Amino acid sequence: MSDKSEEQRLSVFKTYKLYVGGKFPRSESGRVYEVTDSKGKWLANAPQSSRKDARDAVVAARKAFGGWSGATAYNRGQILYRVAEMLEGRRDQFAREVADAEGLSKAKAAAQVDAAVDRWVWYAGWTDKIAQVVGGANPVAGPFFNLSTPEPTGVVTVLAPQESSFLGLVSVVAPVIATGNTAVVIASERSPLPALSLGEVLATSDLPGGVVNVLSGRTAEIAAPLAAHQDVNAIDLAGADDVLAKELEIAAADNLKRVLRPQPVDYAATPGIERLTAFLETKTVWHPTGSLGASGSSY
Amino acid sequence: MASAFEYAPAPESRAVVDIAPSYGLFIDGEFTEAADGKVFKTVSPSTEEVLSEVARAGAEDVDRGVKAARRAFEKWSALPGSERAKYLFRIARIIQERSRELAVLETLDNGKPIKETRDADLPLVAAHFFYYAGWADKLDHAGFGANPRPLGVAGQVIPWNFPLLMLAWKIAPALATGNTVVLKPAETTPLSALFFADICRQAGLPKGVVNILPGYGDAGAALVEHPDVNKVAFTGSTAVGKAIARQVAGTDKKVTLELGGKGANIVFDDAPIDQAVEGIVTGIFFNQGQVCCAGSRLLVQESIQDELLDALKRRLSTLRLGDPLDKNTDIGAINSAEQLARITSLVEQGAAEGAERWSPACELPSSGYWFAPTLFTNVTQAHTIARDEIFGPVLSVLTFRTPDEAVAKANNSQYGLSAGIWTEKGSRILAVAGKLRAGVIWSNTFNKFDPTSPFGGYKESGFGREGGRHGLEAYLDV
Numbered sequence: 000m001s002d003k004s005e006e007q008r009l010s011v012f013k014t015y016k017l018y019v020g021g022k023f024p025r026s027e028s029g030r031v032y033e034v035t036d037s038k039g040k041w042l043a044n045a046p047q048s049s050r051k052d053a054r055d056a057v058v059a060a061r062k063a064f065g066g067w068s069g070a071t072a073y074n075r076g077q078i079l080y081r082v083a084e085m086l087e088g089r090r091d092q093f094a095r096e097v098a099d100a101e102g103l104s105k106a107k108a109a110a111q112v113d114a115a116v117d118r119w120v121w122y123a124g125w126t127d128k129i130a131q132v133v134g135g136a137n138p139v140a141g142p143f144f145n146l147s148t149p150e151p152t153g154v155v156t157v158l159a160p161q162e163s164s165f166l167g168l169v170s171v172v173a174p175v176i177a178t179g180n181t182a183v184v185i186a187s188e189r190s191p192l193p194a195l196s197l198g199e200v201l202a203t204s205d206l207p208g209g210v211v212n213v214l215s216g217r218t219a220e221i222a223a224p225l226a227a228h229q230d231v232n233a234i235d236l237a238g239a240d241d242v243l244a245k246e247l248e249i250a251a252a253d254n255l256k257r258v259l260r261p262q263p264v265d266y267a268a269t270p271g272i273e274r275l276t277a278f279l280e281t282k283t284v285w286h287p288t289g290s291l292g293a294s295g296s297s298y
Numbered sequence: 000m001a002s003a004f005e006y007a008p009a010p011e012s013r014a015v016v017d018i019a020p021s022y023g024l025f026i027d028g029e030f031t032e033a034a035d036g037k038v039f040k041t042v043s044p045s046t047e048e049v050l051s052e053v054a055r056a057g058a059e060d061v062d063r064g065v066k067a068a069r070r071a072f073e074k075w076s077a078l079p080g081s082e083r084a085k086y087l088f089r090i091a092r093i094i095q096e097r098s099r100e101l102a103v104l105e106t107l108d109n110g111k112p113i114k115e116t117r118d119a120d121l122p123l124v125a126a127h128f129f130y131y132a133g134w135a136d137k138l139d140h141a142g143f144g145a146n147p148r149p150l151g152v153a154g155q156v157i158p159w160n161f162p163l164l165m166l167a168w169k170i171a172p173a174l175a176t177g178n179t180v181v182l183k184p185a186e187t188t189p190l191s192a193l194f195f196a197d198i199c200r201q202a203g204l205p206k207g208v209v210n211i212l213p214g215y216g217d218a219g220a221a222l223v224e225h226p227d228v229n230k231v232a233f234t235g236s237t238a239v240g241k242a243i244a245r246q247v248a249g250t251d252k253k254v255t256l257e258l259g260g261k262g263a264n265i266v267f268d269d270a271p272i273d274q275a276v277e278g279i280v281t282g283i284f285f286n287q288g289q290v291c292c293a294g295s296r297l298l299v300q301e302s303i304q305d306e307l308l309d310a311l312k313r314r315l316s317t318l319r320l321g322d323p324l325d326k327n328t329d330i331g332a333i334n335s336a337e338q339l340a341r342i343t344s345l346v347e348q349g350a351a352e353g354a355e356r357w358s359p360a361c362e363l364p365s366s367g368y369w370f371a372p373t374l375f376t377n378v379t380q381a382h383t384i385a386r387d388e389i390f391g392p393v394l395s396v397l398t399f400r401t402p403d404e405a406v407a408k409a410n411n412s413q414y415g416l417s418a419g420i421w422t423e424k425g426s427r428i429l430a431v432a433g434k435l436r437a438g439v440i441w442s443n444t445f446n447k448f449d450p451t452s453p454f455g456g457y458k459e460s461g462f463g464r465e466g467g468r469h470g471l472e473a474y475l476d477v
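As given, the protein sequences belong to chains A and B, one line each in that order.
Take the first sequence: its letter number 4 is residue 3 in numbering that gives the first Met the number 0, and every next letter is one higher.
Take the second sequence: its letter number 398 is residue 397 in numbering that gives the first Met the number 0, and every next letter is one higher.
No lab work stands behind these hints: they were computed from the structure.
None of these values were measured; they are calculated from a predicted model.
Glycine residues also receive a C-beta, built at the ideal position from the N, C-alpha and C atoms.
Treat the hints with care, since some could be wrong.
[As the list claims (entries may be wrong)] Distance condition first, Cα-Cα at most 27 Å in a straight line; then the derived DSS-like pairs of lysine-lysine:
| # | chain 1 | residue 1 | chain 2 | residue 2 |
| --- | --- | --- | --- | --- |
| 1 | A | Lys62 | B | Lys408 |
| 2 | A | Lys62 | B | Lys434 |
| 3 | B | Lys137 | A | Lys128 |
| 4 | B | Lys40 | B | Lys114 |
| 5 | B | Lys241 | A | Lys245 |
[Stated by the list, open to error] With the C-beta cut set under 7 Å, the calculated list includes, among others, these residues of chain B facing chain A:
| # | residue |
| --- | --- |
| 6 | Val239 |
| 7 | Gly249 |
| 8 | Ser316 |
| 9 | Arg319 |
| 10 | Ile440 |
| 11 | Asp449 |
| 12 | Thr451 |
| 13 | Pro453 |
| 14 | Tyr457 |
| 15 | Glu459 |
Could you build the full structure based on these sequences and the hints that come with them?
Okay, here's the thing in C-alpha cells:
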C-alpha cells in the first residue's frame with residue numbers, strides 16, 4: 000500500500016464484544032469503558048460487564064460442562080490444538096494488540112504471542128495424559144480393586160493476570176479447559192483487547208460454545224458475584240491483588256469453591272502441572288474381585 | 000422379631016486397658032496441665048460413666064503446642080527420610096501390639112461396637128502408619144517433583160466418629176513428609192489420642208514432633224488461626240469447614256477439608272439382593288451411621304422396591320443393639336447426648352414432613368445414648384431427611400425408574416463424598432460411576448477403606464484427598 004492510499008483510506012475500527020455461550024453480546028448493561036495503549040492513546044471502547052453478564056456466563060458454562068467434560072480426552076486435545084492453529088494464523092493481529100496493551104516493541108510482543116501459542120499446544124498435549132499421570136490403580140489389601148481417576152471440578156472462574164495480557168491469559172485459561180472444566184474468564188482490566196480477540200479465535204476453533212466465556216470490565220466488580228455464585232465450583236485468583244483475593248476467597252467459602260490463590264508466576268517458563276491439578280477432583284471407584292490377582296492360577 | 004436362638008453375652012474384658020483418672024495435654028513430649036487449669040470429663044456413651052478427667056486446651060496452650068512443633072520441625076524435616084520411616088514403622092508396630100487395648104479403649108470412649116474397633120478401626124490405623132512409613136524415603140518418586148519439601152507445622156482437628164483412625168489419617172502422612180503436628184481430638188473422644196501420645200514416647204519419637212491438645216471448638220479455632228501454622232487439616236461438619244475456609248482466606252496456609260456427606264446407595268433391579276442388603280446395612284448402620292460417607296440415601300429401582308424393603312427389614316430385625324463391649328453387638332451407643340438430640344430432632348422432622356418411619360422391635364438400654372436403627376420410606380427429594388446429613392442410624396429410602404433418574408437424584412445434593420452402585424451389569428457400573436459427582440464410589444460393596452486409596456469429596460464435602468499417593472500432596476510444598 001502506498002502512502003497516498005493510506006491517507007485516502009479511513010481504517011475500520013473494531014467493536015470489541017464479550018464472548019458468552021459461543022456468541023458475541025455487548026454488555027447487558029450497555030456500558031463500555033475506554034481502553035488506551037501504554038501511552039494513553041485511545042484504542043477501543045471495551046464492554047464493561049455487569050453482574051448479569053457474569054451470571055449469564057455461568058449459565059453458559061454450566062450448560063457446556065456436560066458435553067465438554069464428557070468428550071474424550073483425545074477429542075479435547077484435537078480441539079485445543081485447533082485453537083493453536085487458529086492463533087498461529089492471527090499471529091500478527093495478536094502481536095499488534097499485545098504491543099499496544101503492554102507497550103512492547105513489535106519483536107517482543109511477537110515473542111509473547113509465539114510463547115502463548117506454544118503454551119496452548121503444550122496444554123493441548125496434556126488432555127489425554129493427565130489421567131495417567133495423576134490417576135491410577137490402588138493396591139488395596141483385600142479382594143477388591145479400585146481405580147482413582149481425575150475429573151474436572153466443574154465451572155471455574157478465572158481472573159486473568161493483569162499484566163500479561165495474552166501469554167498470562169493463555170497460561171491460566173488453557174489448563175482449566177484442558178482437563179474438561181468450563182471457564183468464565185475475566186480479562187485483564189487495563190488490557191482486555193487480546194482476551195476479547197481470543198474469544199473470536201475460540202469461536203472458530205471447534206470449541207463448543209460456553210466452554211470459555213470472556214468478560215471484560217472492572218475485575219473487582221465482576222469477580223464479586225462470581226466468587227459468591229453457588230453454581231461456580233472453583234476460582235483462580237491470578238488477577239486479584241491481595242485485598243481482593245482475600246475478599247473473594249472468603250466469599251468462595253460459602254459453597255467451598257476450590258481456590259487457587261495468586262502467586263508469583265514466571266509466565267515465560269514452562270509451567271508445571273499445578274494449574275491442571277488445581278481444578279481436578281479425584282474419584283476412586285471400588286469393586287470386589289473375588290480373588291487376589293493371579294494367585295492360584297496355573298500359568 | 001423373636002430369635003430362634005438366644006445368644007449369651009460375650010463381653011470383652013476391660014482389664015486390658017488402664018485408664019488413668021486424669022490426663023494432661025501432650026506438648027513437647029511431656030504431659031502438662033492447661034495454662035488456665037481447665038479440665039473436662041470424658042464419659043462412656045453407653046453407660047454415662049465418667050472415664051477420666053482431661054486437661055482442656057485454650058489459646059495459650061495452642062500457642063505452646065505450635066511453638067514446640069516449630070522447634071521440632073527443623074530437625075525432624077532434616078532427618079533422612081529413611082530415619083523418619085523407621086519411626087513410623089515403629090509406631091505402626093506398637094499399634095499392632097497394643098491394638099486390643101486400644102480397641103477396648105476406643106469402644107469405651109466412643110460407644111461403637113468392639114467388633115468394629117477390633118476388626119476395622121485398629122487394623123486400618125496400623126495400616127495407615129505402615130503405608131505412609133514406606134513413603135517417607137520415597138518422596139522423590141511420588142510425582143511431585145524431586146525432593147519435595149514439607150510445609151512446616153500442621154494444625155489438625157479431628158472428629159469423634161473414628162477418633163484414632165482420623166488421627167492416623169492426619170498424623171501418618173504429615174510425619175512421613177517431614178512436617179510436625181499439633182492435633183486436637185474431639186472433646187467427647189480424647190482418650191485414644193492421649194494413648195497415642197504414649198505410643199510416641201515408646202517409639203522414641205523426638206519431643207515436639209507430635210503434640211496432642213484435647214479441647215473444644217475454641218481450641219480448634221485457635222489452632223486454625225495461629226499465625227505460625229502452615230497447614231490446616233480438618234475433618235468434621237461442613238458448617239465448620241466453611242468457617243475454616245473463611246479463616247484461612249488471604250493467608251499462605253494450605254488447607255484440606257473432609258466434610259459432610261449424604262451418600263446415595265443406588266440399587267438396580269438386577270442387583271444381587273442379599274449382597275445389596277448387607278451393603279445397605281454396612282452403608283448406614285456401620286458406626287451407628289456416624290460416618291461422613293454413610294450411604295444414608297437409599298435409591299431403589301421401583302420394580303424391586305417391595306422385595307428389597309422386605310429383605311432389608313428382615314435383616315434389620317436381626318441386628319443386635321446394646322453393650323458395645325459385647326462381641327455380638329452390631330449397633331452401639333450414639334457418641335453423645337448432644338448428637339442423640341440432633342438425630343432425634345431430625346427424625347421427628349422427617350415424620351412430621353410426611354415420611355413413613357419404621358424401626359425393628361428394639362429394646363434400648365436404660366442408661367447411655369441410644370437410637371434404634373430407623374428406616375424412612377415415602378421420602379421425596381424435598382424432605383429434610385433426604386437433604387440434611389443426619390449422622391445417625393437413619394436411612395431414607397427413595398425410588399427411581401431409569402438410570403438417568405438415579406443419577407439425577409443421587410447428584411441432587413450439596414454434598415459429593417460417597418455413593419454406592421448395586422448391579423450385576425459391568426457397563427452400568429462404569430456408566431453410572433462416571434456420572435456420579437462423588438469422590439468415593441463403591442460398586443457392589445460399601446464403606447471399604449484402605450490406606451492406599453485416596454478418599455475425599457466433591458462439592459461441599461470438602462477439598463483435598465487423604466490416603467494414597469494423593470494424600471501426600473496436602474503436606475508437601477507443591
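For each hint, the structure was consulted:
A hinted pair counts as satisfied when its Cα atoms are at most 27 Å apart, and A/Lys62 with B/Lys408 qualifies at roughly 18 Å. As the CA atoms of A/Lys62 and B/Lys434 are separated by approximately 15 Å, the hinted pair is consistent with the 27 Å bound. Our distance criterion of 27 Å between C-alpha atoms is met by B/Lys137 and A/Lys128, whose separation comes to about 23 Å. At most 27 Å may separate the alpha-carbon atoms for a hinted pair to count; B/Lys40 and B/Lys114 meet this at roughly 26 Å.
Distance restraint check for B/Lys241 and A/Lys245: the Cα-Cα separation of roughly 15 Å lies within the 27 Å cut-off, and the hinted pair is therefore satisfied. The restraint placing B/Val239 at the interface with chain A is violated, with a minimum CB-CB distance near 11 Å, outside the 7 Å limit. At a threshold of 7 Å, the smallest CB-CB gap from B/Gly249 to chain A is about 3 Å, leaving the interface hint in force. For B/Ser316, the suggested interface contact is broken, since its CB lies about 26 Å from the closest CB of chain A, more than 7 Å.
Violation of the interface hint for B/Arg319 is found here, the shortest Cβ-Cβ separation to chain A being roughly 25 Å, above the 7 Å cut-off. With 7 Å as the threshold, the beta carbon of B/Ile440 comes within range of chain A, its nearest partner Cβ sitting at about 5 Å, so the hint holds. Here the hint on B/Asp449 is kept, as its CB sits about 4 Å from the closest CB of chain A, short of 7 Å. Checking B/Thr451 against chain A: minimum C-beta separation of about 4 Å stays under 7 Å; hint holds.
Restraint check, B/Pro453 versus chain A: the minimum CB separation of about 5 Å is within 7 Å; hint holds. Given hint, B/Tyr457 at the interface with chain A, holds; its Cβ is 5 Å from that chain's nearest Cβ, closer than 7 Å. With 7 Å as the threshold, the beta carbon of B/Glu459 comes within range of chain A, its nearest partner Cβ sitting at about 5 Å, so the hint holds.
Hints 6, 8 and 9 from the list above are not met by this structure, while the remaining hints are.
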